[in-house]
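Colleague: Sequence:
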Amino acid sequence: MELPKLNFQETFDFKFKKDKDKFFIYDLIRKTYLLLTPEEWVRQHWVHYYLTVKAYSASALITEKKIVLNGLTKRIDLLITEKTEPVILIECKAPHIKLTEKTFEQTARYNSVIGAKEIILTNGLQHINAYYEDGQYRFYKPE
1 MELPKLNFQE TFDFKFKKDK DKFFIYDLIR KTYLLLTPEE WVRQHWVHYY LTVKAYSASA
61 LITEKKIVLN GLTKRIDLLI TEKTEPVILI ECKAPHIKLT EKTFEQTARY NSVIGAKEII
121 LTNGLQHINA YYEDGQYRFY KPE
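Using UniProt numbering, the first residue of the sequence shown is number 1, and each one after it goes up by one.
Any given hint could turn out to be false.
Claimed, not checked - Dumping the calculated BS3-like pairs for lysine-lysine here, alpha-carbon to alpha-carbon at most 27 angstroms: (1) K22 / K74; (2) K17 / K65; (3) K65 / K83; (4) K102 / K74; (5) K15 / K54; (6) K17 / K31; (7) K102 / K141; (8) K54 / K31; (9) K15 / K31; (10) K98 / K66; (11) K22 / K65; (12) K83 / K54.
As the list claims (entries may be wrong) - Per label pair, the in silico range of CB-to-CB distance: (13) E85 / L28: 15 to 23 angstroms; (14) G71 / F23: 32 to 40 angstroms; (15) A58 / F8: 13 to 21 angstroms; (16) K141 / K22: 32 to 40 angstroms; (17) T84 / F23: 30 to 38 angstroms; (18) E2 / Q106: 26 to 34 angstroms.
Simulated from the structure, these hints should not be mistaken for lab results.
Since we're looking at a predicted model, the values are computed, not measured.
The C-beta atom is built at its ideal place from N, Cα and C for all residues, glycine as well.
Please model the entire structure based on the sequences and the hints provided.
Modeller: Below, the structure is given as structure tokens:
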């Protein structure tokens, strides 16, 4: 399987397995192999980033959490917490998905339920970072 090189300075040590004609990637949070989709490839980079580079504990990362938005059940991709409080909501798209105002608005709607201080919208190649303060999002470039 040909996986695109994503926009991370670090290189992570992923575990893969193949079953029949499908590839799987090991999720350090759920401690199981997950089907390796383009979106999962992006999510696992962020999981490894927060565990290895930022040194968060696995218990501070929540994946695939169900939320109810306007009566519909949705799932958030990754939530970083500190002392169980939501801090960073990360919405992952496949690398071929263009990040637009519409995809950012989707992430912001999810965050209206979650209440994280920061959101990251990413397709692995491009990352859009924003802080939520004073009722609005302020975009920034991480250092």
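Colleague: Assuming the hint says 32 to 40 angstroms, is it satisfied by the Cβ distance from G71 to F23 or not?
Modeller: For G71 and F23 the Cβ distance comes to about 36 angstroms; the hint holds.
Colleague: Has the given pair, K15 with K31, been kept, meaning a C-alpha gap of at most 27 angstroms?
Modeller: holds, 11 angstroms
Colleague: Taken at face value, is the distance from the CA of K65 to the CA of K22 at most 27 angstroms?
Modeller: Holds, because 25 angstroms separates the two Cα atoms, which is no more than 27 angstroms.
Colleague: Can the restraint linking K17 and K65 be considered satisfied, given a maximum Cα separation of 27 angstroms?
Modeller: holds, 25 angstroms
Colleague: Assuming the hint says 26 to 34 angstroms, is it satisfied by the Cβ distance from E2 to Q106 or not?
Modeller: 28 angstroms Cβ-Cβ, so the 26 to 34 angstroms window holds.
Colleague: Compare the distance between the alpha carbons of K17 and K31 with 27 angstroms, and conclude whether the hinted pair is satisfied.
Modeller: Given pair K17, K31 holds - Cα atoms ~14 angstroms apart, limit 27 angstroms.
Colleague: Is it true that the C-beta distance of A58 to F8 lies inside 13 to 21 angstroms, as the hint says?
Modeller: holds, 19 angstroms
Colleague: Run the distance test for K22 versus K74: straight-line Cα separation, threshold 27 angstroms.
Modeller: holds, 26 angstroms
Colleague: Holds or violated: are the alpha carbons of K15 and K54 at most 27 angstroms from each other?
Modeller: This hinted pair holds, its Cα atoms lying about 20 angstroms apart.
Colleague: Against the range 30 to 38 angstroms, how does the distance between the Cβ atoms of T84 and F23 compare: consistent or not?
Modeller: Holds, since T84 and F23 (Cβ atoms, about 34 angstroms apart) stay within the stated range.
Colleague: Between K98 and K66, does the CA-CA distance stay at or below 27 angstroms?
Modeller: holds, 24 angstroms
Colleague: Check whether the Cα positions of K102 and K74 lie no farther apart than 27 angstroms.
Modeller: holds, 16 angstroms
The structure shown violates none of the earlier numbered hints.
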